[in-house]
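Colleague: Using the hints, position chain F against chain R.
Chain order of the listed sequences is R and F.
The first sequence begins at 6 in this note's numbering and counts up by one.
The second sequence begins at 6 in this note's numbering and counts up by one.
Incorrect hints may appear among the rest.
Copies of one chain are not kept apart here, so a pair can be met inside one copy or by any two copies together.
Said to hold, decoys possible - Heads up, simulated SDA-like pairs for lysine to any residue below, C-alpha to C-alpha not over 25 Å straight-line: (1) Lys497 / Leu279; (2) Lys34 / Arg93; (3) Lys353 / Arg93; (4) Lys34 / Gln95; (5) Lys497 / Gln428; (6) Lys34 / Lys129; (7) Lys142 / Ser192; (8) Lys129 / Ser192; (9) Lys360 / Asp477; (10) Lys34 / Ser555; (11) Lys207 / Pro138; (12) Lys353 / Asp94; (13) Lys129 / Leu218; (14) Lys129 / Ala188; (15) Lys142 / Leu218; (16) Lys438 / Glu278; (17) Lys142 / Ala188; (18) Lys142 / Glu215; (19) Lys129 / Arg195; (20) Lys207 / Asp50; (21) Lys490 / Ala542; (22) Lys142 / Arg195; (23) Lys408 / Asp515.
Note that these hints are calculated values from the structure, not bench results.
Number of protein chains: 2
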Amino acid sequence: MPRFVLASVCVVALAVVRAQEASVPDAAKLEQMIARFAPTDIGADLSQLSDADRRVLGKLVEASTIIDALFLRQVWAGNDAMLLDLVRDQSPAGRARLHYFLINKGPWSRLDHNQAFVPGAPAKPEGANYYPPAATKADLERWMQSLPEAERARATGFFTVIRRSGNSFSIVPYNVEYQGELARAASLLREAAALATEPTLKTFLVKRAEALLSNDYYESDVAWMELKGVIEPTIGPYEVYEDELFNYKAAFESFITVQDAAETAKLQRFAAELQDIENHLPIDPRLRNPKLGALAPITVVNEIFAAGDANRGVQTAAFNLPNDERVIREKGAKRVMLKNVQDAKFAKTLVPISKVVLPAADQKDVSFEAFFTQILVHELMHGLGPHNISKNGRATTVRQELKETYSFLEEAKADISSLFAVQHLIDKGVLPKSLEPTLYTTFLASTFRSIRFGVTEAHGKGIAVQLNSLLDSRAFITNADGTLKVNPDRIKEGVTALTRDIMTIQAEGDYVKAKALGDRLGVVRPEIQRMLEQLTAVPVDIEPRFTTSSLLVRR
Amino acid sequence: MPRFVLASVCVVALAVVRAQEASVPDAAKLEQMIARFAPTDIGADLSQLSDADRRVLGKLVEASTIIDALFLRQVWAGNDAMLLDLVRDQSPAGRARLHYFLINKGPWSRLDHNQAFVPGAPAKPEGANYYPPAATKADLERWMQSLPEAERARATGFFTVIRRSGNSFSIVPYNVEYQGELARAASLLREAAALATEPTLKTFLVKRAEALLSNDYYESDVAWMELKGVIEPTIGPYEVYEDELFNYKAAFESFITVQDAAETAKLQRFAAELQDIENHLPIDPRLRNPKLGALAPITVVNEIFAAGDANRGVQTAAFNLPNDERVIREKGAKRVMLKNVQDAKFAKTLVPISKVVLPAADQKDVSFEAFFTQILVHELMHGLGPHNISKNGRATTVRQELKETYSFLEEAKADISSLFAVQHLIDKGVLPKSLEPTLYTTFLASTFRSIRFGVTEAHGKGIAVQLNSLLDSRAFITNADGTLKVNPDRIKEGVTALTRDIMTIQAEGDYVKAKALGDRLGVVRPEIQRMLEQLTAVPVDIEPRFTTSSLLVRR
Numbered sequence: 006m007p008r009f010v011l012a013s014v015c016v017v018a019l020a021v022v023r024a025q026e027a028s029v030p031d032a033a034k035l036e037q038m039i040a041r042f043a044p045t046d047i048g049a050d051l052s053q054l055s056d057a058d059r060r061v062l063g064k065l066v067e068a069s070t071i072i073d074a075l076f077l078r079q080v081w082a083g084n085d086a087m088l089l090d091l092v093r094d095q096s097p098a099g100r101a102r103l104h105y106f107l108i109n110k111g112p113w114s115r116l117d118h119n120q121a122f123v124p125g126a127p128a129k130p131e132g133a134n135y136y137p138p139a140a141t142k143a144d145l146e147r148w149m150q151s152l153p154e155a156e157r158a159r160a161t162g163f164f165t166v167i168r169r170s171g172n173s174f175s176i177v178p179y180n181v182e183y184q185g186e187l188a189r190a191a192s193l194l195r196e197a198a199a200l201a202t203e204p205t206l207k208t209f210l211v212k213r214a215e216a217l218l219s220n221d222y223y224e225s226d227v228a229w230m231e232l233k234g235v236i237e238p239t240i241g242p243y244e245v246y247e248d249e250l251f252n253y254k255a256a257f258e259s260f261i262t263v264q265d266a267a268e269t270a271k272l273q274r275f276a277a278e279l280q281d282i283e284n285h286l287p288i289d290p291r292l293r294n295p296k297l298g299a300l301a302p303i304t305v306v307n308e309i310f311a312a313g314d315a316n317r318g319v320q321t322a323a324f325n326l327p328n329d330e331r332v333i334r335e336k337g338a339k340r341v342m343l344k345n346v347q348d349a350k351f352a353k354t355l356v357p358i359s360k361v362v363l364p365a366a367d368q369k370d371v372s373f374e375a376f377f378t379q380i381l382v383h384e385l386m387h388g389l390g391p392h393n394i395s396k397n398g399r400a401t402t403v404r405q406e407l408k409e410t411y412s413f414l415e416e417a418k419a420d421i422s423s424l425f426a427v428q429h430l431i432d433k434g435v436l437p438k439s440l441e442p443t444l445y446t447t448f449l450a451s452t453f454r455s456i457r458f459g460v461t462e463a464h465g466k467g468i469a470v471q472l473n474s475l476l477d478s479r480a481f482i483t484n485a486d487g488t489l490k491v492n493p494d495r496i497k498e499g500v501t502a503l504t505r506d507i508m509t510i511q512a513e514g515d516y517v518k519a520k521a522l523g524d525r526l527g528v529v530r531p532e533i534q535r536m537l538e539q540l541t542a543v544p545v546d547i548e549p550r551f552t553t554s555s556l557l558v559r560r
Numbered sequence: 006m007p008r009f010v011l012a013s014v015c016v017v018a019l020a021v022v023r024a025q026e027a028s029v030p031d032a033a034k035l036e037q038m039i040a041r042f043a044p045t046d047i048g049a050d051l052s053q054l055s056d057a058d059r060r061v062l063g064k065l066v067e068a069s070t071i072i073d074a075l076f077l078r079q080v081w082a083g084n085d086a087m088l089l090d091l092v093r094d095q096s097p098a099g100r101a102r103l104h105y106f107l108i109n110k111g112p113w114s115r116l117d118h119n120q121a122f123v124p125g126a127p128a129k130p131e132g133a134n135y136y137p138p139a140a141t142k143a144d145l146e147r148w149m150q151s152l153p154e155a156e157r158a159r160a161t162g163f164f165t166v167i168r169r170s171g172n173s174f175s176i177v178p179y180n181v182e183y184q185g186e187l188a189r190a191a192s193l194l195r196e197a198a199a200l201a202t203e204p205t206l207k208t209f210l211v212k213r214a215e216a217l218l219s220n221d222y223y224e225s226d227v228a229w230m231e232l233k234g235v236i237e238p239t240i241g242p243y244e245v246y247e248d249e250l251f252n253y254k255a256a257f258e259s260f261i262t263v264q265d266a267a268e269t270a271k272l273q274r275f276a277a278e279l280q281d282i283e284n285h286l287p288i289d290p291r292l293r294n295p296k297l298g299a300l301a302p303i304t305v306v307n308e309i310f311a312a313g314d315a316n317r318g319v320q321t322a323a324f325n326l327p328n329d330e331r332v333i334r335e336k337g338a339k340r341v342m343l344k345n346v347q348d349a350k351f352a353k354t355l356v357p358i359s360k361v362v363l364p365a366a367d368q369k370d371v372s373f374e375a376f377f378t379q380i381l382v383h384e385l386m387h388g389l390g391p392h393n394i395s396k397n398g399r400a401t402t403v404r405q406e407l408k409e410t411y412s413f414l415e416e417a418k419a420d421i422s423s424l425f426a427v428q429h430l431i432d433k434g435v436l437p438k439s440l441e442p443t444l445y446t447t448f449l450a451s452t453f454r455s456i457r458f459g460v461t462e463a464h465g466k467g468i469a470v471q472l473n474s475l476l477d478s479r480a481f482i483t484n485a486d487g488t489l490k491v492n493p494d495r496i497k498e499g500v501t502a503l504t505r506d507i508m509t510i511q512a513e514g515d516y517v518k519a520k521a522l523g524d525r526l527g528v529v530r531p532e533i534q535r536m537l538e539q540l541t542a543v544p545v546d547i548e549p550r551f552t553t554s555s556l557l558v559r560r
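Okay, chain R solo, but in the shape it has when bound (with noise of 0.2 Å):
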C-alpha cells in the first residue's frame, strides 16, 4: 500500500545540485541541501498517560532503535561502515556529510535522484542489502525462475535477503539474517507487552515478538489491525521501495505513536455524515450511492518516535497497512494519519509558501485546522462517489476503466470534493462557519506546496488539475503582482462544478475525456512555474526532533 511523503523528487531543489553530479558537495553546498530539511520538534502530549503507559513507550522506542539501526544496514552492507568513519570526522564537511547522512540513511540524496554526497560512496545500488552485491537482476530471476514454486514463493517474499552460496543463491530468512537484533527487539517488544494495560496492545506486541523471531508475521499484522487504546505501534518490516531491483523485500521501520483523541472524535462525526453527503454529491442523484459501505479503519494519531524507513529523507505524514493479502482480504488494511507530523510541514513548508504565493491580507487565512480538517475529509472522500460502474450495460470499475488515469483523478476527486463536503458540513452547522474563508485560502497555498514536487506522479497531477481548473473558472484568481487569491464569488461554484465534471467522467467510465483533462490541466503553467521560483528558499520537509521520546525513560 502506498506510502504518503508527497513525493521523493523536488524540481526546485535539484538546480542546486546539478551543476556537479561529477563529484561530490562541498560544505557550503550540503549545508544549502539539508537546509531544506527544517529542524522541528516532534512530540506529543503524554500528561494523561499514566506511569505504565510512557514506560511501554519508552521500551518501544527503545526497540525502535534497533529498527534504525536494521533499515541502515539494508540500505547498503558500506553503511555501518561509512557511519563510523563519518562520525569519526571532526571537519566542518565531515560534519555536514555526518548530519545528511543521518537524514537520508545512507549517503545519497534522496531529494535529488540519489545523488551521492560522500566521496567514495558508490551508486546507490538498485537491490540495496537485500541481494548480493555483484548479481544481475537477469541472474536472478534466471535462478527464482527456476525454483520448485514453494522456494520461488520464499525467494520473492517480503522476509529473506539472497545470499551467493558456491555458484548459486541461496534464501536466507530475515530471522537468521538480523537474528542478534530482532532478539533484542522482540525482548524489547515482550518487556512492553508485560508492562501494558490494553489487552489488544498486549496481544500485538507479544505476537509482533514472535514473529520478529519465527518470520511469520500474519498473526502480528492481525493484532495490529485490531488495536485499541491510546498506544498505536506499527513496528517492524514493511514497505518494499527500498528494493528498487524487485519490490519484493521489506525494510524495517518503525512508528510510535498515540492516539489524538480530539481528532479521532472528530472523525466519528464525519463517518456519520458520509451518506447525508453522498446523498447531496453534485451529480446526476441515479450515480450517487445509496448505500455507503463500511468505513475503512482511520485513526488520527501523534507521533512520538520514527525509525527506519519510516525516517528517511522526505517524512512520512500518513500511511496504509499491512501490506499482506491475505490480511487485507480477511481484515481489511488501515490507515495512519500523523497529525503532528502533519502540522509540522504546515508551519515549517505551507506558511513560508503561504508568504509568497498570497497576498499579505489574505495570508491570515491560512490556518492548521482547515489544512488537516481537509486532509481528513479527503481520505473519507475517496469511499464516496463512483466506483463499481456499469458501461455499455456492463458491470466495470472506475479503476478498469481509467487505467493510468485513474490514480491522478481520484486524487484530485478526492481533493476537489473534500471541499465540497467541507462546505457541506459548514451549511450544515456540524462544522463551525469561521472555517469557511481559511478552507480555500489555505487549499490555495497548500496546492504549491503539492505542485512542488512535480506533476509526474499522481498526486501532483491532481493538485495540477484542479488548481487550472479554478483559475479558469475565475475561482481563483491572479493578481497583478503574481499572487493569487480566492474568489468568494466564483470559489463555491468552481468547487462543486469540478466535483461534477470528475465524478462524471469517473461515472462513465470515460478514458478519453480523464485523458484529455489531465493532458489539458495536469501541467504547470508559465505564471504558476514563476512562482514556484520564488519558492527556493523554502525548506521542503522537516528533519523531525524526537522531544517526548528523550523524555522517555527508556532503560
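Modeller: Chain F alone, transformed into the frame defined by chain R:
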C-alpha cells in the same frame, strides 16, 4: 597467539569507578575515565612511497572501515543501534558516551571489568554476537557434542557464528553472515592488489579477498607469512578473545602498517650478534646453545590505521599471527612490532610515570631509543637460553617442567637478559656507549608502567620479580623521598646475577625454585604500592588519531 596490549585491567583506575557499579557514570566521571586514554597522533612518513603505494594504502584503510563496523556488530547485536542513538545525543553526557563508546567499541569500559557506561546497556554478553542471545553454554556444548565430527569442527571453528534454528541451532559461516560487507571489503582489497607493484603484496591481497568470500583463510595466511616490501597489511578475522564463552570465534581486525626501514636494519644487525650473545650468557658454558636455530620472523612497522579488534580499549603494541596451527607448523608465525604505537605509549605514559618515579636529575635519561631497543632485544632473547633441557637424563623442555611458572619466568628472562645483551653489544661497540646510562634508567621507569597493570599476568609478575630482585641487590636504590634510581656500581652485576639465576632455574627445570622465586619476588611491596598510588593521573594508554590515513586519498 597472544596479543600484547600490556593487560586489560587497570588497578589504579578502578578506584574511580567501583563506587557506582549500580548505575552508570555521569558526564564528569566519564570524562575522567576517558582521560585515561591520551589522544595521540599516530602516523608515519610516507614521503618515500610511490603514488601507487599511497593509493594502495588508501584502499586498505577504506577496507578497514568495513572491518571496524563488522567488529562493532560482532561485539554486541545492540551496538549499531546504540551508536546511531548516541550520535544523535548532543548533550554533554551523550557526547562523552559516544566518545567512550568509540574507544571501547561498545557500551562497556574494557579497563573496568566491562562496567556498563550507557544507561540501559545490559551486561556484556560473554558469547558476544557469535551465539544466539538466550543460549546457555551448556545448551551449546550439548548441541556441539551431538554433531558429527566434521560439523562439530565447523561449529567450533574460527569463522562461523551459531544461530537459533527452530528448537536447535545452526551454523552460519562468516561469508554468509557478513556477506554484503565482506564482498565490499574484498572488492577494495582487489582494487588495492591491482594498484600494488610488490608481487607478494598482490598475492596476499588477492588471496585474502578470496578468503573473505570463500571462508577459507589458509592460503591467504600463508601469503601473509611471505609478505615482503614496505606495505604490511594484516586484515581479516583473527583473535578469539572477544568470544569469552568458548574462545572459538575470530574477531575482525585490521592493522594497516608500513615497514620501519631503520629498525628493520637494526634488527638484522642484532640477529647477526645473537650467537655471540648466547656464547657469552652468564651461565654454565655447557648450558649454552652452540648453534641457535633460525630466527623467527620479526618485523618492525609503523601503524597507519587500526580497526576493529585491533582498535578497542588499550592499543596493541605488537602481535603474533596467524593463529591457524597448520600454517604455524608449515610456515611459523610472524611477530609484528608497532614502533609508532610503542613510541606514543612511551611519550604519553612512560615519560609522565618517570617524572613521578625518578629523581629530577635522572629524568633526562629516559629515552625512547633505549625503551624500544630493549623491547626489540627482549623479543630476540626469547630465542636464546635454555629451551630443550635434560632432567635426570630425560630429554624434556623448560615449558613442560616449569608448568604454570613458565610464563612469568620466561618473560622475566627475556627482560633481564635483554639488558645483559644490550650491555654486551655496547661493550663490543655494536651499540653506542651513549645508550648505557639511558638503558637502565628507562627500564627502571618502565617497570612501574608494567606493574600498574597488575602482577596477576605473566608480564607484570615477571617485572615485579626483576624490580624486587634489583632492589634487593641494591642495583636499584630507593631515595629518602620514595623515588628510585639506578646504582651504577651495582646494576651490571645485578642484571648478570639475575639472568644467571633465572636461566639456571630454566636449565635445571626446577619447578620448586621457580615457584619460590615468584612467590617471594613476584609481588607488589608496600613502597612500590605507595609509588603506584601517585600515578593515578597518568594516562593508562593512548587514544590514536590516525593522521596519516586521513591524508590518503581513499576513494
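Colleague: Taking the hints in turn, state whether each one holds.
Modeller: So, going through the hints one by one against the coordinates:
1. In this assembly of identical chains, Lys497 and Leu279 lie within 25 Å of each other by CA distance solely inside one copy; the values are 19 Å within and 102 Å between copies.
2. Taking identical chains as interchangeable, the C-alpha atoms of Lys34 and Arg93 lie at most 25 Å apart whether they share a chain (21 Å) or sit on different chains (22 Å).
3. Only between protomers do Lys353 and Arg93 lie at most 25 Å apart by alpha-carbon distance; the minimum there is 22 Å, versus 31 Å within a single protomer.
4. In this homomeric assembly, Lys34 and Gln95 come within 25 Å of each other (Cα to Cα) both inside a single copy, at 18 Å, and across copies, at 24 Å.
5. For a Cα distance limit of 25 Å, the shortest separation of Lys497 from Gln428 inside one copy, 8 Å, qualifies, whereas the shortest one across copies, 104 Å, does not.
6. In this assembly of identical chains, Lys34 and Lys129 lie within 25 Å of each other by CA distance solely inside one copy; the values are 20 Å within and 42 Å between copies.
7. Taking the shortest alpha-carbon separations for Lys142 and Ser192, only the inter-copy value of 20 Å comes in at or below 25 Å, while the best intra-copy value is 37 Å.
8. Taking the shortest alpha-carbon separations for Lys129 and Ser192, only the inter-copy value of 16 Å comes in at or below 25 Å, while the best intra-copy value is 33 Å.
9. With identical chains, the CA atoms of Lys360 and Asp477 are at most 25 Å apart within one copy only, with a shortest distance of 23 Å there and 88 Å across copies.
10. When the C-alpha separation of Lys34 and Ser555 is checked against a cutoff of 25 Å, the pair qualifies only between copies, where the shortest distance is 22 Å, while the shortest distance within a copy is 31 Å.
11. For the identical chains of this complex, Lys207 and Pro138 are inter-copy neighbours only, at 23 Å across copies versus 40 Å inside a copy, given an alpha-carbon limit of 25 Å.
12. Taking identical chains as interchangeable, the C-alpha atoms of Lys353 and Asp94 lie at most 25 Å apart only when they sit on different chains, with a minimum of 23 Å there against 30 Å within one chain.
13. When the C-alpha separation of Lys129 and Leu218 is checked against a cutoff of 25 Å, the pair qualifies only between copies, where the shortest distance is 22 Å, while the shortest distance within a copy is 30 Å.
14. With identical chains, the CA atoms of Lys129 and Ala188 are at most 25 Å apart between copies only, with a shortest distance of 16 Å across copies and 29 Å within one.
15. Only between protomers do Lys142 and Leu218 lie at most 25 Å apart by alpha-carbon distance; the minimum there is 21 Å, versus 29 Å within a single protomer.
16. In this assembly of identical chains, the alpha carbons of Lys438 and Glu278 lie at most 25 Å apart only when taken from the same copy (17 Å versus 102 Å across copies).
17. Taking CA atoms no more than 25 Å apart as the test, Lys142 paired with Ala188 passes between copies only; the shortest distance there is 18 Å, against 32 Å inside one copy.
18. Taking the closest pair of Cα atoms, Lys142 and Glu215 come within 25 Å of each other only across two copies (24 Å); inside a single copy the shortest separation is 33 Å, beyond that limit.
19. In this assembly of identical chains, the alpha carbons of Lys129 and Arg195 lie at most 25 Å apart only when taken from different copies (21 Å versus 36 Å within one copy).
20. Taking the shortest alpha-carbon separations for Lys207 and Asp50, only the intra-copy value of 22 Å comes in at or below 25 Å, while the best inter-copy value is 62 Å.
21. In this assembly of identical chains, Lys490 and Ala542 lie within 25 Å of each other by CA distance solely inside one copy; the values are 22 Å within and 71 Å between copies.
22. With identical chains, the CA atoms of Lys142 and Arg195 are at most 25 Å apart between copies only, with a shortest distance of 24 Å across copies and 39 Å within one.
23. Taking identical chains as interchangeable, the C-alpha atoms of Lys408 and Asp515 lie at most 25 Å apart only when both belong to the same chain, with a minimum of 10 Å there against 94 Å between chains.
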